[in-house]
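Chains as they are written, first to last, in this note's numbering: chain A, 296 to 956; chain L, 296 to 956; chain B, 296 to 956.
You may find that some hints are simply not true.
[To be verified] Here are the simulated lysine-lysine pairs, DSS-like style, with alpha carbons at most 30 angstroms apart:
1. K739(L) / K762(L)
2. K585(A) / K317(A)
3. K916(A) / K817(B)
4. K459(L) / K378(B)
5. K916(B) / K817(L)
6. K378(L) / K459(A)
7. K916(L) / K817(A)
8. K459(B) / K378(A)
9. K585(B) / K378(B)
10. K585(A) / K378(A)
11. K739(A) / K762(A)
12. K857(B) / K817(B)
13. K459(L) / K523(L)
Derived from the structure by calculation, the hints contain no laboratory data.
Just so you know, these numbers come straight off a predicted model, no measurement behind them.
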Amino acid sequence: MRMGMDYYPEHWDRSMWEEDAKLMQDTGVSLIRVAEFAWSRLEPTEGCYDFAWLDDAIVTFARHGIQVVIGTPTCTPPNWLVKEYPDVLPLDAQLHPHYPGVRGHRCFNSPSMRHYSELIVEKLALHYANNPAVVGWQIDNEFGLHECNCEHCNLRFRTWLQDKYGSIESINSVWGTVVWSGEYSDYSQITTPLGGTRHKNPSYLLDYKRFETDSVVEFQQLQLNILKEHCPNHFVTHNIWSYPMSLDYYKLCEKLDFVSLDYYPSTSPEKAVTSGYSGALTLDLTRGIKRQNFWIMETISGPPGCWMPMWRTPHPGFIRAFAWQCIARGADTLVHFRWRSAPSGAEQFWHGLIDHSNVPGRRFDEYRELCNEVRKLAPLMEGTEVQSEAVILHSHDQFNAFQMQPQVEGMDYFDNIKTIHRAFTKLGIMTDVLSEKEDLSGYKLIVAPSLFLLDPDLASHLEECVKNGATLVLMPRTGVKNENNVCWIRPLPGPLSDAAGVTVAEYDPIGRDAHTIRWQNKSYSCSQWCDILTPQSAEPIAWYEDDFFTGQTAATVHTLGKGKVFYLGTFPEEDFYVDFIRDAAEQSGLHNFPGLPEGVQISIRANESTRYLFLMNLTRKQQTVQLDRTYRSLFDDRNIDQALTMDPYAIEIVVLPYKNA
Amino acid sequence: MRMGMDYYPEHWDRSMWEEDAKLMQDTGVSLIRVAEFAWSRLEPTEGCYDFAWLDDAIVTFARHGIQVVIGTPTCTPPNWLVKEYPDVLPLDAQLHPHYPGVRGHRCFNSPSMRHYSELIVEKLALHYANNPAVVGWQIDNEFGLHECNCEHCNLRFRTWLQDKYGSIESINSVWGTVVWSGEYSDYSQITTPLGGTRHKNPSYLLDYKRFETDSVVEFQQLQLNILKEHCPNHFVTHNIWSYPMSLDYYKLCEKLDFVSLDYYPSTSPEKAVTSGYSGALTLDLTRGIKRQNFWIMETISGPPGCWMPMWRTPHPGFIRAFAWQCIARGADTLVHFRWRSAPSGAEQFWHGLIDHSNVPGRRFDEYRELCNEVRKLAPLMEGTEVQSEAVILHSHDQFNAFQMQPQVEGMDYFDNIKTIHRAFTKLGIMTDVLSEKEDLSGYKLIVAPSLFLLDPDLASHLEECVKNGATLVLMPRTGVKNENNVCWIRPLPGPLSDAAGVTVAEYDPIGRDAHTIRWQNKSYSCSQWCDILTPQSAEPIAWYEDDFFTGQTAATVHTLGKGKVFYLGTFPEEDFYVDFIRDAAEQSGLHNFPGLPEGVQISIRANESTRYLFLMNLTRKQQTVQLDRTYRSLFDDRNIDQALTMDPYAIEIVVLPYKNA
Amino acid sequence: MRMGMDYYPEHWDRSMWEEDAKLMQDTGVSLIRVAEFAWSRLEPTEGCYDFAWLDDAIVTFARHGIQVVIGTPTCTPPNWLVKEYPDVLPLDAQLHPHYPGVRGHRCFNSPSMRHYSELIVEKLALHYANNPAVVGWQIDNEFGLHECNCEHCNLRFRTWLQDKYGSIESINSVWGTVVWSGEYSDYSQITTPLGGTRHKNPSYLLDYKRFETDSVVEFQQLQLNILKEHCPNHFVTHNIWSYPMSLDYYKLCEKLDFVSLDYYPSTSPEKAVTSGYSGALTLDLTRGIKRQNFWIMETISGPPGCWMPMWRTPHPGFIRAFAWQCIARGADTLVHFRWRSAPSGAEQFWHGLIDHSNVPGRRFDEYRELCNEVRKLAPLMEGTEVQSEAVILHSHDQFNAFQMQPQVEGMDYFDNIKTIHRAFTKLGIMTDVLSEKEDLSGYKLIVAPSLFLLDPDLASHLEECVKNGATLVLMPRTGVKNENNVCWIRPLPGPLSDAAGVTVAEYDPIGRDAHTIRWQNKSYSCSQWCDILTPQSAEPIAWYEDDFFTGQTAATVHTLGKGKVFYLGTFPEEDFYVDFIRDAAEQSGLHNFPGLPEGVQISIRANESTRYLFLMNLTRKQQTVQLDRTYRSLFDDRNIDQALTMDPYAIEIVVLPYKNA
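I would like the entire structure built from these sequences, with the hints used as guidance.
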């Protein structure tokens, strides 16, 4: 477990390097990430490579005990490349080039882009393979889908479809193109989604999204092959951007050694409570991508801002607290962005730890304290992992499908996941967040938010988990479609109807209209959607209290083998989820942490012998947490009272006896 | 009078046809509309026609006594056509093609589009001319203006102008192009409205809109000629979309046998009261297009939704009630959209009567009841028509002119018509809504909302009607311009000043600022616009109560021949219109229906011997209507109390003695 | 001092000219501006000039004692020019032409545009050089930046950069292009800002804005050269549009004889108080451009409106009052827009003094009264000027830099200037508003709002002014960057730190979050930004009352030589500025006018012997002003009480004894 810094030697006069390196060393920084936007400096003109300046920088920092992660610079094709090989630039739906500006001005399927990317990466790999200071690589920067409609993309899309479907008849049949005369009689008629209207056949659009992900994965793989060949002892990672995301991170990260996350929790006082919860979800999602610990490759060290207005500066304690949140939820290394704010360029006001003034200040002092703490506790954290008996399912395909076809005003797939995850976090129940494609056996509680696209394999796997003892929670808009984004012609929830023991007789997309349900003799508001349920073998457990469906069934439970399936026919308010999940968790034998104040989170990292409990007040208010007994703080061996008063952004870490959550 | 269904055989496995046909027959459906988006199935590749599947479908349904309307599929040019003949695609103001997506991707002036449309329509016409199950045709689908700036459109626009104006000097003079150096020295300099700014010479823009309508009309006429030639015994119609509309429906429908309307009243609880009123206006407008009864070619049978979020599901009674509203206001056949929701394509969630589940449910039961009722009452309705002594004028030209030049914040031509029509409907006074071009003689009360463009012919005709006894109501922004969208250089209301006996001394575009007027010793709020009036031969009847024009005249009445002309100088709140129209109607000898609760409507269909009164509660609330005496319900021969309690969406139809409204 | 009218002879039938001229003469109009959009009438086809109609018009008006300003018509290239020489049209960031519509459809660097502009201007200059009725010229109309990305613009931009920077290495270094691989290896790689993202290197963007200004200035200079050569006895001016503005008006007006302003104060009742203050700033800015009196070339005479909805009609007294406001703040001639509303074209509803009705009305009567007053007082005003001892600095560069990089939600450079200027105006303290580049010596109080870009020369000049006795007020975001838009690597306020005796330890971009400061034992709210200050040699004078920086310094004062420097670390509410400026002004020996009601303004024009005090109630309410003694009205020699009651839009002008403000 170590502390690092994003550093851009090319932004600073050489005379500053030595001083920066020394100050880092004194502060406790042992790693820097470099070069990930430096293509124009590494290859100023075509084929003329200049790595000398980077060598010098690495030597300088190595002298101070600082190791190096090199970012491949392919996110920023230089001007000579763009000018001489215009196929590099992506074309929008009206075939307009996306010219250079805020990075990412490249088509992943462009032959020139691929060729020159491979060349620069190979040169770098060969040059740094045996540099003792270099420990690993970051490929590119924050991949995302970047719509392109160039001829290369069109050709590759057609090939991709041919590989997947074979005949054109098969595509017509699977996509249901007969609607609105969309049938193709020849592959050449298929194009990427061109302009005019965003609203096209949803099966086609979903496949296009998958193709886009595959284009990014392929582009990354070209680099990964080179790096693995020439630098077998180096790790290779990529720094993902946040959620929600159209690009399928599960596919993207499959071949990487580990995942890195760029993490910028909101500093806004208005989000002082919610941003900690959103962050917890992001971190759990990141840990779930490869089901292992991860790195933070960038995180907040000052007010972000750029072309958009600046955010608030991080409140005292904020930088430290959110760093500990990362560790608590599975981060093993923290690289802060960035050492010092850039004096020029479009990102001048995305602040570093040190301001343009070059005078280390309040935030720097806080960071230094953090480094000291991490150094002290790192040996204990070694080999520990987050453990969870509950899991929430997540899918980029579902997200994309809902984006294409918003079901109803106010319904957002990812927001619903956030609400459910927040309920877990408020209850102090650790939860994994995993791809639907994962093996889910072993989990006691599985929450599956809106399995809109549902193929029989997933349905079977979930049914199997239930039969073996799991509790499964289903929600509206489950089983609507098959994986091709075509509706099942059968009652909802489609392939899970039998497992749930219930069918949907009718539904009402209520959107933001106010409605309530009754569950365990209490009323809860609900919104977005109302499935009016007909229990088959299931038991009703909640009922609607409004509208023409007053008294009809709103939720059911169905016992199946050793487990049970809940079907929630609507989206209730968060209080319901808290009560319902507490109940379901208790029935499943999961412990919760009673009485956590709003905004205070816990997390547990454990190895075979020890469990470390993190208590984190991620708010601007003093808060009191009621513990089950006294503990000793790992920071300073202080005694911690049962009634623990936590200052704003205070953190405590204690040893938790095994068998006693 | 019959019940029909929109049905897409090509969306379903053939094995389902028989079952669907049988269920329709059992339910009371005797008509289907088919094929209107099936070009790619009817002509899978250029010149290869395949009608066998449609023949089979028609035979199957005919076996169950179901007749067929065929839609020509020209709204959805297939991919082979788009790919091989790219002139099919319309070009926007920056010459970007509008690629296929949500239908309508075609330029009406494209030679290829016209050629291949004629071919497919001719093939269809020849093939189905003598098919006994086929009764008529729907041309294309929901025509609208679709901006195109291709070379063909440019050439035709120039020809159109040459036909209308002759010399280029004449255009310069009529349009007043001298302003801002817009004079043309050659026809080649005139183009369709290209990009840069939407704000151009308004005379030019209005003529361009007229040209656009004529392009659609011409495109339709090509098909109409073919259908009338080959299928002389079939009717030909078109299904118009809703209002307001830039395309001139009056011109569009001139040569059709009758008009069809696609009618989707809002299911939103927030619009539970207003949507019935908007619908009444839409139906009256539709009836007015050809001054005769019409068809509903599509109407709601489940929650609409598609790319946009879904609406609420229709409340119990909603589908039935709005079906009866259509009949009450002049529909003779109702075709519901659609039998079953599409499993694929962009319109998956525009629900049919049967859900994807394929299990007929609550809505289906309601529809079945409706079919039974219609079957029972159809013989009585035969040959009946809606009668009215009041008329509201409407014009697409006015609408377009106001769209180009919004006069003031909050003023909307069509919204003002809605408000006036709602006042009539609340009073239970039937009103026609007609084109300004119609012969208006015979009406006792004529309301002319904002005759912005006013040519002397219309002014003379209105004056003649007044002299013969009609009451005419004028409103602000009347007589501002001639038909070329050029301002009259004379006091407002221009050519109607003499008839109104009043001139506008000055005006203040008050927008949303709060003002009041006093009329008959009562204050009413007003907004949008204040004409400060100078009565010439007219009498003042209302006065402003605010601002620097306090005490000045806000409205006048002028006796002219046997009639009179009211000039309202502002747009008062709806309560004013209710009071004012009640008053004007009484003076004109028109009966109103006192005490109608909000949202409850009446309508009367009559033939020479009998009048049928429809009472419709188009709200979610129970409401009580006070009748003048007891009646018997035509549905079940029940006695109806004078104090009639109507459940949500309840309908009653009774016989009304002649000479006793 | 004279009254004029914008008149378009080409819009009216010749038969109307004589009558119009006569009515103008009777009313007191002695000047018209003509021809500024009449290119298509002056040169109907290429090379065929027709000035006969204009000659006739000028003769007609001259006969009635009316002189003429000719506008060059280059704002509206005619259709033949656009069609034959398409390089005239500007291309947007996606290279789409901006087609004709609302004027200004021309690229300033287009060779054809320049060539044909020079030709028409030369023809006009030669033709009218010796016409006795013609007194001067207006070049083009309301210049603004009009983004163009054509090849000519690209070439000129590169030349412009080469002239400024020489080598490509120099550009890379000055702009800091190394960030995100933006380095150029060849000039050919530099383009104008093409599409994809607006967010690019800010140094590059700022230079591009400067280049755009220079393109306009160069285009204007071509005309200026011709006019000065052929018409040495005529003045040449340009009518600028309002503020804020990206185009640098200081550069634009450098070579003109005087500046003209187009001034349209808002008629909205909601802005009834604020629009007078905004107008005062606009007028002060205009007077400051060349530090001399100016013309109003267009101003309101009826409700504006056009493609946008119409404004309210000017309230009685409004036209007169705002005309006097112009004179009070330095206007020497007023030309009202326009004589009569246009009957055709896109600007039909931008009303003239006379409506389309052609019946002079209330507004006309008010204008006639105004003409009488001006005629009476003109001799007194001759040679008088506005005098001020306070100055607010303004810069188009700063404005542009902040536009590119909004610092924080709610912070707007120009709005902050408005607030400060309003405080001065409420206090009745006259203030100049000048370019930062001006010599500021002699001012007692200098307010410098956010000198974001701060080069050492400006810092030195300000420091010098202070040492010589001035009071300087600085505000947040001062000294952030050098003139190349690159951040200083030194503590804020950068080059002014020493003069201010303070450094910024840290800042918090608080945006719209509520905070307060304490100054002179009173709390004031503040927003946008909080600099947490470390006084070096300065004294703290205000402190924060919230957040983690409670009790820290919010403002300081530093004595330097004979003067002092205030540094305000945040943007307080307007009340603070009023109190603070009153205090600072008093300390600097500036008199204020105590007790002015909100919306009532004063201004003073003076010559060596006499001072004229203007009292202006620019609101819709009656207001009472407390004077120091009785005066006599210059309008009618009435006695004016010490407690002066002013009706809505009332104006008084009195002689103010020297040495007694």
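Query raised in the report: Straight-line Cα separation of K739(L) and K762(L) no greater than 30 angstroms?
Result: Measuring from Cα to Cα gives roughly 11 angstroms; hence the hint holds.
Query raised in the report: Hey, K585(A) versus K378(A), does the alpha-carbon distance stay inside 30 angstroms?
Result: violated (39 angstroms)
Query raised in the report: If you draw a straight line from the CA of K739(A) to the CA of K762(A), is it 30 angstroms or shorter?
Result: holds (11 angstroms)
Query raised in the report: Is the Cα-Cα distance between K857(B) and K817(B) 30 angstroms or less?
Result: holds (28 angstroms)
Query raised in the report: Quick one, are K585(B) and K378(B) close enough, alpha carbons at most 30 angstroms?
Result: violated (39 angstroms)
Query raised in the report: Is K459(L) close enough to K523(L), meaning Cα to Cα at most 30 angstroms?
Result: Holds - the C-alpha atoms of K523(L) and K459(L) are around 29 angstroms apart, at most 30 angstroms.
Query raised in the report: Given the hint that K459(L) pairs with K378(B), does the C-alpha gap stay at or below 30 angstroms?
Result: Holds. K459(L) to K378(B) sits at ~23 angstroms (cutoff 30 angstroms).
**Report entry** 30 angstroms Cα cutoff - pair K916(L), K817(A)
**Finding:** holds (27 angstroms)
Report task. For the pair supplied as a hint, K459(B) and K378(A), confirm whether the alpha-carbon distance does not exceed 30 angstroms. Result -> holds (23 angstroms)
**Report entry** Straight-line alpha-carbon gap K916(B) to K817(L), limit 30 angstroms
**Finding:** Holds. K916(B) to K817(L) sits at ~27 angstroms (cutoff 30 angstroms).
Query raised in the report: Can the restraint linking K585(A) and K317(A) be considered satisfied, given a maximum Cα separation of 30 angstroms?
Result: Roughly 36 angstroms between the alpha carbons, so the hint for K585(A) and K317(A) is violated.
Query raised in the report: Would the pair K916(A) and K817(B) pass a check requiring their Cα atoms to be no farther apart than 30 angstroms?
Result: holds (27 angstroms)
In this structure, the hints that do not hold are numbers 2, 9 and 10, in rising order.
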